[in-house]
Amino acid sequence: MKSVKKTRRKDFITYGIVVIAFIVMQALVMTGHISNSLKNQLIPICVYICMAVSLNLVVGVLGDLSLGHAGFMSVGAFTGIIVAMSLQNAIPSGALRLVLAIAAGALTAAVAGILVGVPVLRLRGDYLAIVTLAFGEIIKNIITNLYVGVDGNGIHFSFKDAMSMGMGLDGKAIINGPIGAVGVTKLSTFTAGFILIMVILFITLNLINSRTGRAIKAIRDNRIAAESVGINVTKYKLMAFVISAAMAGMAGALYGLNYSGLAAKKFDFNTSILVLVFVVLGGIGNIRGSIIAATVLTVLPEALRQFSDYRMLIYAIVLILVMIVTNNPLLRSVADRFIGSLTGLFRKKPASQTAEGGADNGK
Amino acid sequence: MMGILSNLISGISLGSIYAIIALGYTMVYGIAKMLNFAHGDVIMVGAYICYCAISYLGLPPLVGIVMAICVCTVLGIVIEGLAYKPLRSAPSLAVLITAIGVSYFLQNSALLIWKSDPKVFPSIVKSMQPVQLFGGQLAISGITIVTVLCCVVVMTCLTLFISKSKTGKAMRAVSEDKVAAQLMGINVNGTISVTFAIGSGLAAVAGVLLCSAYPTLIPTTGAMPGIKAFTAAVFGGIGSIPGAMLGGILLGIIELFAKSYISTQFSDAIVFAVLIIVLLIKPTGLLGKKVSEKV
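Those sequence lines, one after another, are chains C and R.
In terms of my numbering, the first sequence opens at residue 1 and continues consecutively.
In terms of my numbering, the second sequence opens at residue 1 and continues consecutively.
With the rest of the complex left out, here is chain C:
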């Protein structure tokens, strides 16, 4: 009973951090104490937090490596753009269209998640990783060649070129193949991003602490043992994967509606890797860590702008050094003690701590 209470408290701290960060940022924006470049980063930060939490569900909680998460983001983004653009005349309220776009993004990404998940989840380890990578590339390739337009009669599709959509004279192209979406009305706001983070956190944290979540974690820790106590492995794996895909779709829709133009090649392998870096640096399975890592690492390249040409080089070196330092047993124990004495905020979850303690005893 006590441990349940403790988890709850930890979750509330996570929510609290997000709420406080939102209020502080909002106050800074209001009073104008914030640089323009950081202001433009606010919505991408929200998007990447959502992406990191969503990927952490697959990598950390389910224990499967996915290298194609940007694919789901892409599906969500372009669905969101199509929905928001085609309803432009029917629904005047921007906020309502944004909500519909995000919902539609979640739905199509979930469908894509099922299509990818059913075959993929039969595989294991690195083979599973490469197939998710392959699916990510396929999704990118398909959307790069997709043409979508809207006219009085409804929505038109084509895989050849803009002409073969057969639109009427009042027709308007929404997605133009390799050029991507153009002339999108920006609907995303920082507040919307904040609400989306809270929704995604609510879904994820409740899922992790539920009966389903325990089943998923049991599969991660030992698939055979989980199967032999009667857990339906395929069902729970697919469930976690599809929920994660849907959340990536939501984040994608928010991202897509933050820019006036967007090409499918934005969501390539590098984007998937970027999100994976957030998850690993934040601590695998640690939702709060993902949030912090996504924020820091999205701001970092901007903060390094004064080094101009060298900033990505510095980013790379920081990445390598952080991985080496955090995985060095000696340095790690020193750092843990140091941080632990400062504040309890960054400490890992009790479950993983006991697991580590056990491993240390084993040595």
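Among the clues, some could well be false.
Claimed, not checked - Ranges between beta-carbon positions, derived for each pair:
1) R:Cys157 x C:Val229: 50 to 56 Å
2) R:Ile145 x C:Ser333: 47 to 53 Å
3) R:Phe134 x C:Arg223: 53 to 59 Å
4) C:Ser228 x R:Lys33: 24 to 30 Å
5) R:Lys169 x C:Arg122: 33 to 39 Å
6) C:Arg223 x R:Leu8: 41 to 47 Å
7) R:Ser165 x C:Glu302: 49 to 55 Å
8) C:Tyr15 x R:Tyr214: 48 to 54 Å
9) R:Phe134 x C:Ile314: 42 to 48 Å
10) C:Gly261 x R:Ser165: 53 to 59 Å
11) C:Arg305 x R:Val125: 41 to 47 Å
12) C:Ser210 x R:Lys169: 51 to 57 Å
Source of the hints: derived by calculation from the structure; they are not laboratory data.
The C-beta atom is built at its ideal place from N, Cα and C for all residues, glycine as well.
Could you slot chain R onto chain C? The hints should help.
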């Protein structure tokens, strides 16, 4: 008929390049159990070194290639020693992220040194005329022949090296069981370094061949061939050297045929779809070992 044959030859040529890159992935995976995502960028470095040697220093292509191989071999050893060695006992995801860090590092260093404007890679086989077959109906370019020959030579040497030499045997022992190999007096760290050195040297060869066939050189040149070759390695069964060869060549042929006969735009999607289908039927790749799980 000639069209099919010509596509087949181009496919084998492209596949040979993938196979040489895939060898680097598969050897490193077999021994260090890590996905070395920086491998694609070593290809790019090799191509740039050869480009500099030929264009700036005016050296003959062969010297350029040797220089590229030397630089990449050293680079491979340095990367392994600085970035991967401290993480020998770390979880595999941490190593993966470090490899990605190294990949970013190499790409951005290249961007600083050579700038982002595309370089036109000089052909390494200028003097060679295309070979005409069937009374001129089928022309095979010099670079195609050189690529396929290179691939055959590399494969033969590597297979002999792995099966006959002492270091090769040590490599197989380390990939089988690290601890047992150490107990038998094998220098595990040294063997891993040698593997990285060979893989990176091969990457330099692949880089030169790749840029001779597709002569635009930019700092991200290695990224997509890297991913494709990684796919090829998995396709053939990762960790298996014959698998990497087979996977690479098949992937090249599939890509060329998809481009010529199905759709140019969707060729990448088709290649990856074939990979997925193969893995669904044979979950450990074409020649991969099936490891049964111990309970």
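Comparing the hints with the structure gives:
{"no.": "1", "hint": "R:Cys157 x C:Val229: 50 to 56 Å", "result": "52 Å, holds"}
{"no.": "2", "hint": "R:Ile145 x C:Ser333: 47 to 53 Å", "result": "59 Å, violated"}
{"no.": "3", "hint": "R:Phe134 x C:Arg223: 53 to 59 Å", "result": "57 Å, holds"}
{"no.": "4", "hint": "C:Ser228 x R:Lys33: 24 to 30 Å", "result": "27 Å, holds"}
{"no.": "5", "hint": "R:Lys169 x C:Arg122: 33 to 39 Å", "result": "36 Å, holds"}
{"no.": "6", "hint": "C:Arg223 x R:Leu8: 41 to 47 Å", "result": "43 Å, holds"}
{"no.": "7", "hint": "R:Ser165 x C:Glu302: 49 to 55 Å", "result": "51 Å, holds"}
{"no.": "8", "hint": "C:Tyr15 x R:Tyr214: 48 to 54 Å", "result": "51 Å, holds"}
{"no.": "9", "hint": "R:Phe134 x C:Ile314: 42 to 48 Å", "result": "57 Å, violated"}
{"no.": "10", "hint": "C:Gly261 x R:Ser165: 53 to 59 Å", "result": "56 Å, holds"}
{"no.": "11", "hint": "C:Arg305 x R:Val125: 41 to 47 Å", "result": "45 Å, holds"}
{"no.": "12", "hint": "C:Ser210 x R:Lys169: 51 to 57 Å", "result": "52 Å, holds"}
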